[in-house]
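Engineer: So you can see what is in the structure, the chains are spelled out below.
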Amino acid sequence: MGLLSKKDTRLILDPLADDNPITIQVLGICSALAITAQLKPSIVMAVSVIFVLGLGNVVISLMRNIIPSKIRIIVQLIVVATLVIIVDQVLKAFAYELSKELSVFIGLIITNCIIMGRFEAFALGNGPWKSFLDGVGNALGYGVILIIVGFFRELLGSGTLFGFKVLGDSVEKTGLYAIGYENNGFMVLPPMALIVVGIIIWVQRSRNSALIEEN
Amino acid sequence: MLEHIELFFKSIFVDNMVFAYFLGMCSYLAVSKKVSTAVGLGAAVIFVLTVTVPLNWFLDQYILQPGALAWLDGNRETPELSAYADYDLSFLSFILFIATIATMVQLVEIIVEKFSPSLYNSLGIFLPLIAVNCAILGGSLFMQSREIETAALALNYGFSSGIGWFLAIVAIAAIREKIRYSNVPPPLRGLGITFIITGLMAIGFMSFGGMLTGGEDAPTTPQGQSTQTNTLPAIENEIETTPLVVSE
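Heads up: the sequence lines are chains A and B, in that order. The opening residue of the first sequence carries number 1 in the working numbering; numbering runs sequentially from there. The opening residue of the second sequence carries number 1 in the working numbering; numbering runs sequentially from there.
If you're looking for bench data, these hints aren't it; they were derived computationally from the structure. Take these hints with a grain of salt, some might be off.
[Unchecked claim] Under the rule of at most 20 Å between Cα atoms (straight-line distance), these lysine to aspartate or glutamate pairs were calculated in the EDC-like manner:
1. B/Lys34 - A/Glu213
2. A/Lys100 - B/Glu147
3. B/Lys178 - A/Glu213
4. A/Lys92 - B/Asp88
5. B/Lys33 - A/Glu213
6. A/Lys7 - A/Asp18
7. A/Lys100 - B/Asp88
8. A/Lys70 - B/Glu113
[Unchecked claim] Simulated restraints on C-beta separations:
9. B/Ile125 - A/Phe162: 35 to 45 Å
10. A/Gly127 - B/Ala85: 41 to 51 Å
11. A/Ser69 - B/Thr78: 46 to 56 Å
[As the list claims (entries may be wrong)] If the Cβ cut is set under 10 Å, some of the chain A residues that face chain B in the computed set are:
12. Thr9
13. Leu55
14. Asn112
15. Ile200
Source: prediction; values computed, not measured. From the three backbone atoms N, C-alpha and C, an ideal C-beta is built for every residue, glycine too.
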């Protein structure tokens, strides 16, 4: 299992750009916008989703032949809810401040459309190893967008990255602030997340014209 | 009474589920191409929220909260004496809430199919998808984290959050119908321009932020940073991340 086959690598790489869950499949938008005001919660959320989606895909894939079709949504919800409870408890135990910041959005991973979407589209019809790769790939694609948005919002909005003041100190006017640069306070407010994602979509579709929607 | 009115208007305008917290964005973006389907989905969301938030409130009060199980051995008035005083089942919130929501949505589906088959057909897959709409679970989770006190307030909160979401999706559907005839740059067509328009609408809704507080509090973002402007939703006060905020 050292070298992944070509098809397997595509399972991981495709969602990073051409089949990105957020910008192309339009899934998982809610948490992508709400918690990206800083880089740290974005990374924690991305890691949580990788965990939940990877493991969830494997579990559903292992059970796929014995889940009755009529109750499959309920079974999927229970699997996801259990994994999210684990993530929530781990965060509360090891990163309490962060879990308070993320508040209800960890719970909202349960309703993250990417997870249910991948269960339905992939895990229910494929084996465990491929499902794991697909889950990790899609979660990575989601994570990439989260990190890009979080990066720009924190950098332009508060001049810090991960809490470290990278552009100088705004109070003492060192670094960039000495020449009159001011933080764009608007960037940490919710609406800018929408506009940043809109711009990411613009850039992505300009580079790959196959993705442009017909009117 | 005043509490109810305040909660009603706050949940529709200041804490709008779409514009302040981005809940329910997936179906918001997917179903907003025509006003008629947007109205149908919005109405379904109002109904599901109005039913599930109070139901989950009862679950939270009598099963999930720390010491909530005191009614089991008759110690409802004096929960400290109960053998169940130490039981804290709040970690089960996610599973119990999502179970009630899934059940209620199944019920709504059956009702809609019976009474309005045309609406059922036009909504298609999005009706069962309401079960995983973050707005519904978000409504229950916010009800829990803000410790809403009575069942009547929970009902009010569910109903008014639903109206807020309805307002948002109908507005964006109306706008999207109009801009189909505008000259949008091709890479922005469809999804991109919808994001930017929603962002602009969210900025517009921020103007309601001073509506109920008179602009006196200095609100902060969920991450605890203070903003230079006073126009953030005042509900941020209740998230206990920062000691800077003056809470009511």
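Engineer: May I ask which of the numbered hints given earlier this structure violates, with the numbers listed in increasing order?
Structural biologist: Numbers 12 and 13, in rising order.
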